[in-house]
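J.: Sequence:
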Amino acid sequence: MRSTSNTIRTRRTVKAAATVLAGALALSLTACGSDDDKSGGNETTGTKASGDALTLPKLNGTTLEVAAVWTGPEQANFKQVLAEFEKRTGAKVTFVPAQDPIINFLGSKIAGGQPPDVAMLPQPGAIKQAVDKKWAKPLGPEALKELQKNYSQGWQDIGKVGSEQYGVYYKAANKSLIWYNAKVFENAGASEPKTWDELLSTAQTVYDSGVTPFSIPGADGWPLTDWFENVYLSQAGPEKYDQLARHEIKWTDPSVKEALTTLAQIWGKKDYVAGGADGALQTQFPNAVTQTFTGGDQPKAAMVYEGDFVQVNIAQTDAKVGTDAKVFPFPKVGDTAPVVSGGDAAVILKDSQGAQALATFLASPDAAEIQAKLGGYLSPNKNVDPAAYPNDVQRRIAEALVAAGDDFRFDMSDQAPQAFGGTPGKGEWKDLQDFLKNPTDVAGIQAKLESDAAAAYGN
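Under the numbering used here, read the sequence shown as residues 142 to 600, first letter to last.
To be clear, the hints were calculated from the coordinates, so they are not data collected in a lab. A quick note: this is a predicted structure, and the numbers were derived from the prediction, not measured. Warning: the hint list may mix true and false statements.
Below, simulated DSS-like cross-link-like pairs (lysine-lysine); rule was C-alpha separation at most 25 Å, straight line [said to hold, decoys possible]:
#1 K514 <-> K491
#2 K391 <-> K571
#3 K589 <-> K441
#4 K391 <-> K578
#5 K578 <-> K410
#6 K514 <-> K335
#7 K589 <-> K411
#8 K398 <-> K571
#9 K410 <-> K571
#10 K290 <-> K514
#11 K335 <-> K391
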C-alpha cells in the first residue's frame with residue numbers, strides 16, 4: 142500500500158531546494174532576536190489584503206461537523222477560524238475531537254451513520270485510505286479554484302489521489318527545528334550548532350553547566366519518528382529517504398543502522414535526556430516543551446526538538462519566543478541540513494454546499510491569517526500575508542517554507558500506511574519507543590521495524 146504522494150515525490154529534485162530552505166532558515170532564525178508581537182444565494186462576504194474578495198454562500202440553517210485530533214490551544218485557535226466561517230455564512234459548525242489514529246475514529250463514526258462533514262487528516266496515507274474506503278469526496282470547482290490560486294503545485298499534489306483533488310493542506314509544519322532556553326545557553330557559554338558533532342559538543346557544554354541537554358517526549362511516538370527522519374534525510378540523502386518511505390529498501394538496510402546508531406549518541410546517554418529513558422517515555426509532547434521553558438535558568442532541559450508548532454506550548458509558559466525561547470535549524474548530519482515538513486489536510490466526507498464552502502474557506506488566505514495571528518501555526522498558502530504571523534521567528538519560517546515552492550520532503554511516517562507510521566502503540570511509533578528504552582539494540586529494532594513495515598505495506 143502506497144500513498145499517492147509517494148509517486149509524486151519521485152518527480153521532485155528536493156535536495157537542492159532543501160539546501161536552499163535550510164540556508165534560508167539558518168539565516169532568518171539567527172537574525173531573530175526579539176518577540177515582535179502583533180497582535181442561500183451567493184454574496185461577497187469577506188476580503189483579504191493579498192487578492193480579490195472571497196465569495197462564500199449564505200448557509201443559514203446549515204449545520205456542519207469538523208473532526209480533528211487537535212487539542213488544547215491548537216483546537217481553541219482553529220475554533221476561532223470556524224467562528225469566522227459561521228459569521229460569514231450563517232452556518233453552525235461543531236468541532237468534533239478525534240483520537241489517533243483518526244482513520245479508525247472516522248471508521249467508527251461512519252459505521253454508526255454519523256460521519257463528520259469534514260475531517261482534518263494528518264497523513265497523505267490517511268487521505269488515500271479515506272478514498273480507497275470511498276469515504277472522501279472530491280473538491281468542487283470553487284474549492285479547486287481557491288486551492289489552485291493559493292498553493293504551489295507540490296502542496297496541491299499531496300492532497301490528490303490519482304488525478305482527483307481531495308485534500309486542502311490547511312496547516313503545515315517545519316519539523317526540522319530545535320528550540321532552546323536562551324538563558325541556559327548564555328550561562329553555559331553554548332552556541333547554536335550547525336552540524337551533528339557540534340550539537341553533541343553543545344549538549345556536553347550545557348550538561349557541564351548543570352542542566353540536562355534534551356527534553357524528549359517519548360510517551361508520544363510521533364516525535365521519535367521525526368527525530369529519525371531528520372537524521373536519516375541528512376545522513377542517507379533524499380534518494381534513500383524516498384526509497385525507505387515507499388518501502389523499496391528494507392529497514393534492515395545499512396543506512397537505517399547508521400541513522401539509529403547516530404541517534405543513540407543522544408538517546409543512549411541517559412544524562413543527556415531529562416528523566417533518562419524511563420522519564421522520557423512518560424513525558425508527553427506538551428510537557429516536553431513546557432519543562433524546557435519553565436524554571437528560569439534551571440529548567441529540566443535546555444533543548445527540545447520539534448516543529449514550528451512548539452510555539453503554541455511555549456505560549457503556555459512565561460517565556461517569550463525570540464528572547465527567552467530561541468531556535469536553530471536541525472543540524473546537518475551529512476552533507477546538507479535536513480528539511481522535513483508535515484501537514485493537515487481538510488477532506489470532505491459528506492458532500493454538500495456547506496462542506497464545499499468550508500473547504501473553499503480553508504483554502505483561502507482569509508482563514509489561514511486568522512490562525513497565523515494566534516501563533517503556533519504555519520500555512521503553506523503562498524498568499525498569506527507574512528505580517529499575520531505574531532513574531533519574526535514564525536514569520537521567517539513561513540516565508541522560507543513558501544519560498545521552497547514545490548520542493549520539500551514530507552514527513553516519512555505520514556506517507557506510510559497508518560498501521561505502520563501513524564498508530565499509537567504500534568508500528569514505527571512503538572518500535573522507536575523501544576529503541577529509546579534500549580538504544581544498544583540497533584539490529585533488533587531494525588528487524589522489528591522491517592517486520593512491521595512489511596506487514597503494513599504488504600510487501
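J.: Against this structure, judge whether each hint is valid.
T.: Structure-based check of all given hints:
Pair hint K514 plus K491 does not hold up; C-alpha atoms about 30 Å apart against a cutoff of 25 Å. With a C-alpha separation of about 18 Å, the suggested pair K391 and K571 falls inside the 25 Å cut-off, and the hint holds. A hinted pair counts as satisfied when its Cα atoms are at most 25 Å apart, and K589 with K441 does not qualify at roughly 32 Å. Annotation: proposed proximity of K391 to K578 holds, straight-line Cα distance about 23 Å (limit 25 Å).
Distance hint between K578 and K410 is fulfilled; the C-alpha atoms sit about 11 Å from each other, no more than 25 Å. With a C-alpha separation of about 30 Å, the suggested pairing of K514 with K335 is violated against the 25 Å cut-off. For the hint pairing K589 with K411, the CA-to-CA distance comes to about 23 Å; that is within 25 Å, so the pair holds. Proposed proximity of K398 and K571 is supported: the alpha carbons are some 17 Å apart, at most 25 Å.
Proposed proximity of K410 and K571 is supported: the alpha carbons are some 20 Å apart, at most 25 Å. This hinted pair checks out: K290 and K514 have alpha carbons roughly 22 Å apart, not beyond 25 Å. Proximity of K335 to K391 is assessed by CA-CA distance (about 30 Å); at most 25 Å being required, the pair is judged violated.
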